[in-house]
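Q: Put chains B, C and D on the given structure of chain A with help from the hints.
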Amino acid sequence: MWYKRTIPLALVFVAGLLGFVHEYIPHPLSGEFREEVTTSIRIIGGFGLFIGAYSLLHMHFSRIRRRQSGWGYSVFVFLGAAVMIFLGLWNEGDGPLVDPQPDVMTSLQWGYYYVLVPCQATIFSILAFFMASAAFRTFRVRNLSAALLLGAAIIVMFGRVPISEEFGRLLFGEGGSQLFPKASQVLMDYPNLAAKRGILLGVSLGAIAQSLRILFGIERSYMGGGD
Amino acid sequence: MAIPPSELRRLAITRHVIYVLVAAAVVVPLALGLTPGKFEATPYSHKLFDKVNSLPPGTRVLLSFDFDPGTEAELLPMGAALLRHCFRNRLVPLVMTNIPSGVDLARKIVKEAADRSEPDWGRKQTSGVDYVFLGYRPGDVNLLLNMGENLKGAFQNDYYGKPTEDMPALKDIRSLKDLPLVIDLAASAWVELWIVYGADRFNFAYGAGVTAVMGPDMYPFLQSGQMVGMLNGLRGAADYEVLLEKLDRGTFGMMSQSVAHVLVIVLVLAANARFVYRRLTGREKD
Amino acid sequence: MPEPQPQPTPETPSARRSIELGVLSVLLIVFFFVSFLRHNPFSLSGEALSRSIGTILGAGLTLVIYSFLYRDNPLFKVAENLYVGVTLGYGAIMTWRMALREEVYRPLLLAPTSEALGQALLHRTVPILLGVLLVMRISRKRSWLSRYAYCPLVGWGAGVGISLSVHTYVLQQLHAAIAPLQQAVQNGSLDPLTWGWFANAFFPVAGSLAVLIGTVAVLFYFFFSVEHGPVGRGVSKVGIWFLMVSFGASFGNTVMARLSLLIGRVQFLLDDWLKLK
Amino acid sequence: MMVSRRVCLAAVGAWALLGGGRASFAASGPATASAPTTATAPAASAPTTAPVPLPVPDGAEVRAFDRPSDDGSAVIVEWPKPAALPKGVSYVVEIAQAPEDFAAGRFKSVPVPAAPKSSNPKYFGFLSEADKHLLYASITPADQFPPPKPGKLTAERVDELHEAGRLTEALADRAKRSLRNTSPEAELTAEEKADRAWLERFRTYLGTRDSVALKDEKEKVNAERYYYRLAVTDGTRKLYAARDGQPVVISAEARPDWFKGFRLNNLLFALVFSGIVMAFIQAARRNPNLFIRKIAGLEAVEEAIGRATEMGRSVYFVHGLNGVSSLSTIAALNILGRVARRCAEYDTPIRVMNVDAIVTAVSQEVVQQAYTEAGRPDAFDADDVCLVASDQFSFVAAVSGRMVREQPAAVFLMGYFYAESLLLAETGASTGAIQVAGTDAYTQLPFFVTTCDYTLIGEELYAASAYLSREPRMLGSLRGQDVGKAFLMIVLVVGTGLLTLGGVLARLGMDVNLFRNLFKAFS
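Protein chains in written order, with this note's numbering: chain A, 1 to 227; chain B, 1001 to 1286; chain C, 2001 to 2277; chain D, 3001 to 3523.
All the pointers check out, no bait thrown in.
Under the rule of at most 25 Å between Cα atoms (straight-line distance), these lysine to any residue pairs were calculated in the SDA-like manner:
1. K2237/C x V141/A
2. K1111/B x L2044/C
3. K1162/B x N3181/D
Calculated from the model, a selection of chain C residues having no Cβ within reach of chain A, i.e. all distances over 10 Å:
4. S2014
5. R2016
6. R2017
7. F2031
8. F2032
9. R2038
10. P2041
11. S2045
12. A2111
13. D2191
14. G2196
15. W2197
16. F2198
17. H2228
18. G2229
19. G2232
To be clear, the hints were calculated from the coordinates, so they are not data collected in a lab. Since the model is a prediction, treat every value here as computed from it, not as a measurement. Yeah, the Cβ is synthetic: ideal placement off N, Cα and C, and Gly gets one too.
If we strip away everything but chain A, and leave its shape as in the complex, we get (with noise of 0.2 Å):
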């Protein structure tokens, strides 16, 4: 239906005309006209929030609901929610509309330091164990890319800790404690940076037919479903 549809793709191709033409428009206007979009953005992105929140939590709801394999877990999701809402709304008594006080840690940072900031920690550090067992165990040099890839990292990972340094003195003495280190860094000032550069502009190539593909509507999925 047009008003479901065409209109949306109407005003992604407007918005999208005056995100490029104004780039090329040094009149105060354009600056003028940037600021204006770029706060009502910010408010809109606000709202955005309610969203995710929306949808994680219903998704754990559903699943108490339906008693699904292992629902009691979800229950502590709400737990956390509701707590760190709780602590953030409560503000220490003075309300949520207000500031919190300065420089004094609120329940809510509490809340941060101590069970946000350690699990999420943890949780991308459990990988320092997943990537030796894999490293003893499925990083083979199947074929030359494989060969190559292992031997380059190989060389980073030495070349990257001062111990290679030292391994450097005790093999050729004081002269040869930067061996290691520069033969990563040319590894990396070099044929890294040359793949590095021809991905990058590849890629965003790439990025710019998106682009054009989503103002001129031939990408829609991001509309997601529905007519």
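A: Only chains B, C and D this time, still in chain A's reference frame:
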């Protein structure tokens, strides 16, 4: 060929053994407080350090701490070192973040650095005069564009709700164009967004601290001069600490880093030696 | 992040379970014992108390999550879900404080003068309406309304993106890419086979040549419009080699990064929890 | 560097078109009108008595004009470079609102650096050899004649605002009341606290309004026409650029321009490239058989399915984490279509693992479609395409668990992956399956390359899917991008070549500006 359970159990065991080795490689050096012998800072860390060092006292430097707890271990030491450097050289750091869940991390290190540097200045560091913590505003890249037009418009108040309009620290700073140097610490696309929507549009010198994961991808920008320097991973933080001659978490981590790397290298070599041997003797087709 | 679990050994699941429970309880006792030993909450009060409790909690969560390395277990799942919820709640509060309260509540409901209110209405009514529309996305039937909110955003982003990526990723990169060889040629010393010649003529030239060849080869590898003849195959082979070396560099750095995160956690456990420093 | 980057040959044209065109030579008009003041007349004839003659520019060559391609905030004054600029000698530009004001002494003098015009091609483009000798200074009138800055918030200001109707009686009183009240926060009554808080809000609001107003004022000031005189001084004497004894007075107005000349190359590239891409997309619509070279990875796909068939074991297809809106997911779905089709033909069981509900739904359609095309719609079982989990960690756990249990013979990992890539691929490898991965997540590619038997790298994934699906938007933009890549490759090779040749020539003492400028054109 299905794997017999015995084989699976063997796999599980090898895995757990490796986990233990890794844990040991990291914990032991830290617990014993081993630090590596003297090592030279990598070139790009050095470049960034020199850039900051070259700024005259009173210069305003924008630090954008766009990371959250997930990568705090790598980036937070950089932030601490940079702030320490700023305060030591009497620069005025303007700190912001584009990541809501990074606000309190940023706030924490700014506060700590300010308090720590009190002796350097001989007086209490005051927010709004010696440094500004702008906090977080949504809007993503549009926020950067906004700051490029009108910084005080984008941040009408600082994190503590004080109006930025007539803050001494922001005197005659109208927009990003008035800042000589911006440094971004990020584990995400923000590093590049700062180039695209910031440095290249508003012509300020730009440096970055990134997680080692992203490090290699940044080389095109370093070579093209779109970045003046870069701290790459925990090693970058260690480099900066060494250059500052004030060792801290980054440097203390380096010994564990070294041992763990060696461990991984040994594992890869061992496994592949076995693999190649088997392949040569035709016992593994793959 | 889970790894494949070996099938529970068929013979003695119950025996294994009881062993695990035993070990777990021992570990719990040790954990609390150590925690109280290092920072005894009873001797503290006020901020120090909350901090020490926090540290114990944080250390506990850290260890619980690492317990996953032994195998997936309920404690881990609890911590994981708790973390998801806490993140959500914190994000919600931050967005309220930093965005909605600053941009919507304060300008409109705390407008100092009627003039200010007028200004706020003038500049914010439309975005706020759009914001409300955006939220429509969560409704099954009305979700199309949200398109009116995010389509302009998407379009604007795309439009601005085009000229900026042309500038940053294409033109700037090209400019940087074609310069080095010339610089190397122009600044290099001219008497060959001396150390200086190697240092500032040979290597720079060789290096910038390598970069040029690599970049072109990689671009060619991603070039799909022509069937690769023998030459083409050769070039794209070179391209793939360069790609692989750069992947190796990324690989090495990724390992470094993950280990750094682990180091960060261990530092927390040793310095803050066990107070070894 | 920073500047030269921005430059392009085209900018020259643009400059002439948009900025240079507006250069106005007021020397003829007002210059003659304004007689030099008695104050300056002796100075004008000073050189006779001077020990060192100051390098006075020839009045005929001094010009003022609007700075091109800018937001109307500056006027350019330019003059010829002297043979030599003795030490301690510097230039001064004097600016006045009317020619007569010089006589009346109502003018501002601005010391300006002697910057060569050729050093700022961003605004001036490349100069013809004839103009290489010009120096320039850019003057912002609003800095010299600044509009009155709105005052701080005082009782007087409050009254003004009240008279201007911007504050009601009551609010004005409230403002003054809490302005008077300077006692510390602690001693305030609730009401006084409220007043102070209100005042703060009002101050903030006023501040932003004032800065906006000031900005507009400055723009107005800049837009006026101003009159300029150029002098050279060594601190004691001051000589004016003069024509027949008269200091030359020139004038110009700064005007905001409507196009950034220095971005013309950018615009051209964007437009041309867009045109090509769109053209190819249209072409692909008309003829979906646009040539795309065969992607080696696809043979690996066939081979893997074949092996699964021989071993009579299942094929796993694992999607990445991103939703349908992401390119890589779309590409993955196209490839899934092909894989499912083959599996249907060979009667090999296929399992599709998803983490995203919508992707699941689409995948089901795709697989069902494939089975129908293969003529065995009955064999399709919707449960083979399932949403195994809804977040990263549990996704990996579930998929890994199933892999270990079912021991698939072939595993396809297609789409955008994050940290889970390593674990999925490792599990697959440990179960001895043939693995084919495809992703544009470059940070994850290293793990796939080392753990999988074949990997579709970055755009190869799109290419493969375009090759299979013949979908115009993918096919077309792929071809369009190829043209872009070809262009980039040529620029890289030819550009480097010519620049280097230029470098060599320079070493041989030849002029290489030709080459330099030629290749500034590309950035």
